[in-house]
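Residue numbers (the working numbering): 1 to 79.
No lab work stands behind these hints, which were simulated from the structure alone. Careful: at least some of the hints might be erroneous.
Stated by the list, open to error - Here are the simulated distance ranges between beta carbons:
1. Asn-17 / Arg-72: 24 to 30 Å
2. Glu-24 / Arg-59: 38 to 44 Å
3. Pro-63 / Val-18: 49 to 55 Å
4. Arg-5 / Ser-64: 32 to 38 Å
5. Leu-49 / Asn-17: 47 to 53 Å
6. Pro-77 / Lys-45: 55 to 61 Å
7. Val-3 / Arg-44: 15 to 21 Å
8. Leu-2 / Arg-72: 39 to 45 Å
What the hints assert, rightly or not - Computed list of lysine to aspartate or glutamate pairs in EDC-like fashion (alpha-carbon distance at most 20 Å, straight line):
9. Lys-31 / Glu-46
10. Lys-68 / Glu-52
11. Lys-31 / Glu-21
12. Lys-45 / Asp-76
13. Lys-45 / Glu-71
Backbone N, C-alpha and C define an ideal beta-carbon position, used for all residues, glycine too.
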Amino acid sequence: MLVIRRRAGQSVLIGDNVEIEVIEVSPGRVKLGITAPREVLVLRKEINLTREQNLIAARGVSPSAVLKLMERMRPDPPA
């Protein structure tokens, strides 16, 4: 892991196409701005971890179980 100290307004370049700029620094928080091409996926790590956990959990669910759940979630028709 490369560790670099930066202040607000300073940037780090990754390759030729990605720039990470420190926008704001406050106690316990850092706000970053990321400039990257559209084809470069930029995600917060916790979002990616949640996605992976959801995919793993979904592997054990059969299509028929999903259909049954969807039917149970449909609102009752008006009387």
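Could you tell me which of the hints above the structure violates, numbers in ascending order?
Per hint list: 1, 3, 4, 5, 6, 8, 10, 12, 13 violated.
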